[in-house]
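Heads up: the sequence lines are chains A and B, in that order.
Under the numbering used here, think of the first position of the first sequence as 1, with each following residue one higher.
Under the numbering used here, think of the first position of the second sequence as 1, with each following residue one higher.
Mixed in with the good hints there might be a few duds.
[What the hints assert, rightly or not] Pairs of lysine to any residue, SDA-like flavour, derived with a Cα cap of 20 Å: (1) B:LYS272 <-> A:ALA246; (2) B:LYS273 <-> A:PRO144; (3) B:LYS317 <-> B:GLU247; (4) B:LYS279 <-> A:LEU202; (5) B:LYS273 <-> A:GLY125; (6) B:LYS272 <-> A:PRO146; (7) B:LYS279 <-> A:SER225; (8) B:LYS272 <-> A:PRO144; (9) A:LYS205 <-> A:SER225; (10) B:LYS272 <-> A:GLY264; (11) B:LYS273 <-> A:GLY218; (12) B:LYS141 <-> B:LEU206; (13) B:LYS279 <-> A:LYS282; (14) B:LYS272 <-> A:VAL263; (15) B:LYS7 <-> B:ARG210; (16) B:LYS279 <-> A:GLY125; (17) B:LYS272 <-> A:GLN204; (18) A:LYS136 <-> A:GLY125; (19) B:LYS273 <-> B:CYS298; (20) A:LYS128 <-> A:ASN151; (21) B:LYS273 <-> A:LEU157; (22) B:LYS273 <-> A:LYS136; (23) B:LYS272 <-> A:SER225; (24) B:LYS279 <-> A:MET260; (25) B:LYS272 <-> A:MET260; (26) B:LYS273 <-> A:LYS282; (27) B:LYS272 <-> A:PRO240; (28) B:LYS273 <-> A:VAL263; (29) A:LYS282 <-> B:HIS159; (30) B:LYS279 <-> A:PRO4.
Derived from the structure by calculation, the hints contain no laboratory data.
What you are looking at is a predicted structure, and each value in this text was computed from that prediction instead of being measured.
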Amino acid sequence: MADPLLSVRDLRTFFYTENGVARSVDGVSFDISAGETVGLVGESGSGKSVTALSLMRLVRPPGRIEPGSQIVFDGVDLTALDEKAMRAIRGARLAMVFQEPMTALNPVFTVGDQIAEVVRVHHAGNKKEAWARAVKMLETVGIPSPEQRANEYPHQLSGGMRQRVVIAMALIMNPALVIADEPTTALDVTIQAQILELLRDLQQKFGTSILLITHDLGVVAETASRVIVMYGGEIVEEAPVGDLFARAHHPYTEGLLNAMPQVGHERERLATIPGTVPPPTKWPQGCRFHDRCPYAWDRCANEHPPLYQIGGGHVSRCHLAVEPERRAHKHEPMVVA
Amino acid sequence: MTAAAPKSPLLSVRGLVKHFPIKKGLFGKPSGYVRAVENVSFDVMPGETVGLVGESGCGKSTTGRMILRLIEPTAGTVEFDGINLLTLDARAMRKLRRRIQVIFQDPFSSLNPRMSVGSIIREGLTIHKIAEGAAADARVKQLLDEVGLRSEYMSRYPHEFSGGQRQRIGIARALAVEPQFIVCDEPVSALDVSVQAQVINLMQDLQRDRGLAYLFIAHDLSVVEHIADRVAVMYLGKIVELATSAELYREPLMPYTQALLSAVPVPDPTVKKSRVVLKGDVPSPANPPSGCVFHPRCQHPAKDAACTQIVPPLEEKSPGHWVACIKQPPTGVDWSVQKAAGATNPPTRYLPVIETPT
């Protein structure tokens with residue numbers, strides 16, 4: 001097998017705050033192959049967005065990527081690059097789609113100018129060529145009458161259109177990997193369906209790899225081929241998408257799947273995960289999920305679980321992998337609301 | 001639920017309208033109107049949960065706020081327990097707010113950061129002269145306990161709490177005055193999935209224990225299906241479909257509802273959806289389309305010129321199932337009337353198959 005496009009090894013991103021060191025991303029390793037869509041799921045505070053910012057090298061002080069972390073992209077370790085070299089990659093081979101299209105766009109420039117600027121910054125054409133490419137890209141992302149729209153300002157566009165502009169901006173240099181951080185969270189469900197379809201089409205057309213960060217398991221089920229679940233700054237489970245939904249191994253993943261109300265399912269009581277995600281300055285000892293876990297036993301409070309291999313590319317950071325009989329002993333978790 | 005004995009509704013909304021004027025300049029005359037809510041009527045029975053769903057700008061929040069009289073309606077009536085709310089003066093309305101409460105979407109901006117949790121919850125008790133002093137303290141503690149928070153939290157401030165805990169505080173505040181009816185405006189939209197489930201369960205428990213009625217406004221259809229007895233779907237200021245939750249999700253008849261339901265991502269990779277992807281955006285409520293407001297985006301195979309002319313009435317297609325579509329039979333809009341408006345396609349039942357497990 002060829003080398004993966006992106007290979008993250010032991011990524012640790014800490015924030016040095018007044019309240020102590022926030023270990024937001026704490027030893028994350030994963031790969032993304034060319035043309036693959038990987039879903040990264042987790043709740044607020046799980047470390048998924050900081051992972052994305054770290055890959056883009058956009059972590060600002062008091063945060064920093066710790067020494068020993070590796071982000072190998074296209075055979076180059078991004079953590080070793082200076083800002084100038086990084087700038088040549090960012091927006092060109094590696095691009096990002098942000099959650100909030102209104103804040104990701106500059107309100108005082110036309111959308112055409114903003115997309116064309118990306119081309120200009122990367123020395124990929126003169127002013128006229130850049131503009132022509134921008135208009136072409138707007139058409140590709142499904143914006144009607146792109147010549148006219150290119151001359152408009154972000155506030156003149158609807159939320160769905162703005163997100164298409166942000167996607168056009170990310171794709172204009174034909175990147176190898178696009179990191180999409182909650183690209184549809186701010187959108188209505190019918191517009192979300194349009195945008196997800198667009199991302200799928202564009203991926204097929206250009207062969208781009210996508211790292212899709214989301215809290216919505218439905219979005220992941222429909223777009224990703226592999227899923228990574230984060231909790232407490234760590235990867236707690238990783239599996240091919242079908243496997244994850246059919247045989248979730250980690251109690252946190254299981255809890256998330258059960259907590260979702262689903263259209264067309266009978267109205268019973270929703271399962272919940274008691275408590276909340278702990279703050280990144282105070283990850284619990286042992287397994288970081290143990291006080292909210294309905295299976296936890298003494299080992300979980302004392303021994304930090306490694307990522308166990310379950311087979312078929314499925315890994316889980318849970319001692320149940322080696323003591324599966326414990327799954328029969330479900331109980332009330334330690335935590336109280 | 002469908003064949004329930006005809007009780008009298010707790011809340012009865014009739015012909016509610018809100019037009020916001022579009023003004024040019026400081027003293028300018030309105031140059032037009034944003035038709036945010038257009039002739040909305042529905043009932044909420046005691047102890048019932050009615051869901052109000054739709055996308056941004058469909059008028060669902062404006063409807064909720066008009067019921068609370070946080071926005072004054074342009075026209076229509078809102079009757080609560082036989083009292084017409086819109087004719088009440090400020091004093092009488094304030095008194096009635098003891099019986100109608102609200103839970104807002106954003107647990108960060110809806111709690112005063114300079115008040116302790118205890119005083120936030122106690123405020124309603126004082127204003128409505130329900131309890132004072134030690135009795136009020138005891139009541140606050142009891143309320144915190146009921147919403148699953150420790151009573152020591154009384155003296156803390158909102159910023160010390162997570163989103164889910166703040167939403168519990170908002171619920172305790174609403175419950176303090178023992179209302180019969182709560183308008184819940186996107187109460188779980190800002191919360192993570194696991195926390196969202198906790199809050200939904202709490203709301204259902206409280207409803208069961210206290211016989212509360214809810215108007216549950218949300219854009220998340222799976223949440224609404226879970227919590228609501230009946231659901232009203234809004235599009236461009238109008239209710240386009242109203243049915244029991246089970247019926248609406250099993251047999252959505254309005255083409256817009258069909259598209260909305262099919263757009264919800266399914267957290268099951270073995271299910272392949274044949275999705276109705278709507279083209280374009282919602283038209284501006286300042287300049288809504290003629291006839292059926294959904295016609296420019298409609299996928300009903302019998303759609304024709306009549307849809308651009310005739311405003312479809314909200315009709316009862318089967319018992320308790322109301323739909324605004326002249327192309328879904330049966331319809332009271334006669335074929336002769338439709339033909340006169342340029343119809344070429346007689347009404348035919350259209351129900352796309354949305355989910356097919358592979």
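Hint by hint, here is what the structure shows:
1. B:LYS272 <-> A:ALA246: The given pair, whose Cα atoms are some 15 Å apart, holds under the 20 Å limit.
2. B:LYS273 <-> A:PRO144: 26 Å, violated
3. B:LYS317 <-> B:GLU247: 12 Å, holds
4. B:LYS279 <-> A:LEU202: Within the cut-off at roughly 18 Å; holds.
5. B:LYS273 <-> A:GLY125: 42 Å, violated
6. B:LYS272 <-> A:PRO146: 32 Å, violated
7. B:LYS279 <-> A:SER225: 27 Å, violated
8. B:LYS272 <-> A:PRO144: 29 Å, violated
9. A:LYS205 <-> A:SER225: 17 Å, holds
10. B:LYS272 <-> A:GLY264: Distance ~15 Å between LYS272 (chain B) and GLY264 (chain A) Cα, so the pair holds.
11. B:LYS273 <-> A:GLY218: 12 Å, holds
12. B:LYS141 <-> B:LEU206: 16 Å, holds
13. B:LYS279 <-> A:LYS282: Measuring from Cα to Cα gives roughly 47 Å; hence the hint is violated.
14. B:LYS272 <-> A:VAL263: Within the cut-off at roughly 14 Å; holds.
15. B:LYS7 <-> B:ARG210: 18 Å, holds
16. B:LYS279 <-> A:GLY125: 33 Å, violated
17. B:LYS272 <-> A:GLN204: Distance ~18 Å between LYS272 (chain B) and GLN204 (chain A) Cα, so the pair holds.
18. A:LYS136 <-> A:GLY125: 14 Å, holds
19. B:LYS273 <-> B:CYS298: Holds - the C-alpha atoms of CYS298 (chain B) and LYS273 (chain B) are around 19 Å apart, at most 20 Å.
20. A:LYS128 <-> A:ASN151: 14 Å, holds
21. B:LYS273 <-> A:LEU157: The hint is violated at about 29 Å.
22. B:LYS273 <-> A:LYS136: Between LYS273 (chain B) and LYS136 (chain A) the Cα gap is close to 31 Å, so the pair fails against 20 Å, i.e. violated.
23. B:LYS272 <-> A:SER225: Between LYS272 (chain B) and SER225 (chain A) the Cα gap is close to 14 Å, so the pair holds against 20 Å.
24. B:LYS279 <-> A:MET260: 28 Å, violated
25. B:LYS272 <-> A:MET260: 19 Å, holds
26. B:LYS273 <-> A:LYS282: Given pair LYS273 (chain B), LYS282 (chain A) is violated - Cα atoms ~42 Å apart, limit 20 Å.
27. B:LYS272 <-> A:PRO240: 17 Å, holds
28. B:LYS273 <-> A:VAL263: Given pair LYS273 (chain B), VAL263 (chain A) holds - Cα atoms ~13 Å apart, limit 20 Å.
29. A:LYS282 <-> B:HIS159: The hint holds at about 18 Å.
30. B:LYS279 <-> A:PRO4: 37 Å, violated
Taken one by one, the earlier hints fail for this structure at numbers 2, 5, 6, 7, 8, 13, 16, 21, 22, 24, 26, 30, listed in ascending order.
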